[in-house]
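Participant: For reference, the chains in residue letters:
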Amino acid sequence: GENVEQHPSTLSVQEGDSAVIKCTYSDSASNYFPWYKQELGKRPQLIIDIRSNVGEKKDQRIAVTLNKTAKHFSLHITETQPEDSAVYFCASFSGGYNKLIFGAGTRLAVHP
Amino acid sequence: KAGVTQTPRYLIKTRGQQVTLSCSPISGHRSVSWYQQTPGQGLQFLFEYFSETQRNKGNFPGRFSGRQFSNSRSEMNVSTLELGDSALYLCASSRKTENTGELFFGEGSRLTVL
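As given, the protein sequences belong to chains A and B, one line each in that order.
584 is the number that our numbering gives to position 32 of the first sequence; each next residue is one higher, with no gaps.
117 is the number that our numbering gives to position 108 of the second sequence; each next residue is one higher, with no gaps.
If you're looking for bench data, these hints aren't it; they were derived computationally from the structure.
Predicted, not measured: the structure shown is a model, and the values here were computed from it.
Ideal Cβ positions, reconstructed from N, Cα and C, are used throughout, including at glycine.
Keep in mind that the hints are not guaranteed to be accurate.
[What the hints assert, rightly or not] If you anchor each label on the Cβ, the simulated ranges turn out as follows:
#1 B:89 to A:631: 45 to 53 Å
#2 B:12 to A:613: 21 to 29 Å
#3 B:12 to A:661: 24 to 32 Å
[Stated by the list, open to error] Chain A side only, calculated, beta carbon under 10 Å to chain B, not exhaustive:
#4 563
#5 584
#6 588
#7 595
#8 597
#9 613
#10 614
#11 641
#12 643
#13 649
#14 650
#15 655
#16 657
#17 661
[As the list claims (entries may be wrong)] Chain A is faced by these chain B residues, among others (derived, beta-carbon under 10 Å):
#18 35
#19 36
#20 37
#21 53
#22 56
#23 59
#24 65
#25 103
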C-alpha cells in the first residue's frame with residue numbers, strides 16, 4: 553500500500569553544520585510533498601513543500617529536492633542552529649482529499 | 010487570524026468509555042482532516058470532511074467516527090475505548106479542496122486511556 557520511508561530516525565549535528573533527511577515514497581501518483589517540523593509538545597508546522605513539477609525549492613536555510621524517477625525527496629538544512637532541534641516529518645499526498653502519508657519522523661538535535 | 014483550535018487539550022478516559030473531540034478550523038477553511046499520532050505508528054490519517062461530507066477515510070475501525078457542521082467545525086468520536094487508542098489526535102484544516110493545499114494543524118487533543 554501507500555508508504556513513505558524516512559531516514560535517519562535520529563540525527564545529531566554541531567551548530568553550523570548541515571543536516572540532510574531523506575524520504576522515499578511508494579505511490580507514483582503522489583504529486584505534493586510537504587515537510588513538517590514538530591517541536592516538543594507543539595503542533596506540526598509546515599516548513600517547506602514541493603510539487604512534482606519542480607526539482608528543487610529553497611527558502612533561506614532550508615531546501616527540498618525531489619527525484620520523481622527514483623521516488624525520493626530530501627530536506628536540506630544549512631547552517632543549523634539550536635532552534636532547529638525538533639522532529640521533522642516528510643509526507644506525500646496520496647489517495648485524494650488532503651490525505652497525507654507521513655514518514656516516521658527524524659529527531660534532529662543541534663548541539664551548540 | 011486564529012489558528013486551528015482543538016478541545017479538550019488533555020483528557021483521561023477508561024477502557025470501554027467513549028470520547029468526543031472538537032476542532033474549529035481557521036476561518037474560511039472548509040476542509041478538516043483528523044490524524045492520530047502515536048510513538049509506535051507515527052502520524053496516521055483518520056478521515057477528512059468538506060462541506061459536512063466525509064470524503065476520505067483511513068484504515069481505522071468503525072469505533073472511530075466523525076462529523077462536520079455547517080460552520081465547518083468538526084468533531085470526532087471514539088467509542089468503546091481501548092488502551093491502544095491513547096494518542097495525540099490532531100486536526101488540520103486546509104483552505105483548498107483538492108490535493109494541493111497545505112494543512113494547518115491544531116495543537117491536538119492528548120487522550121490517555123487507562
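Participant: Give me the numbers of the hints this structure contradicts, sorted from smallest to largest.
Facilitator: 4, 9, 10, 17, 18, 19, 20
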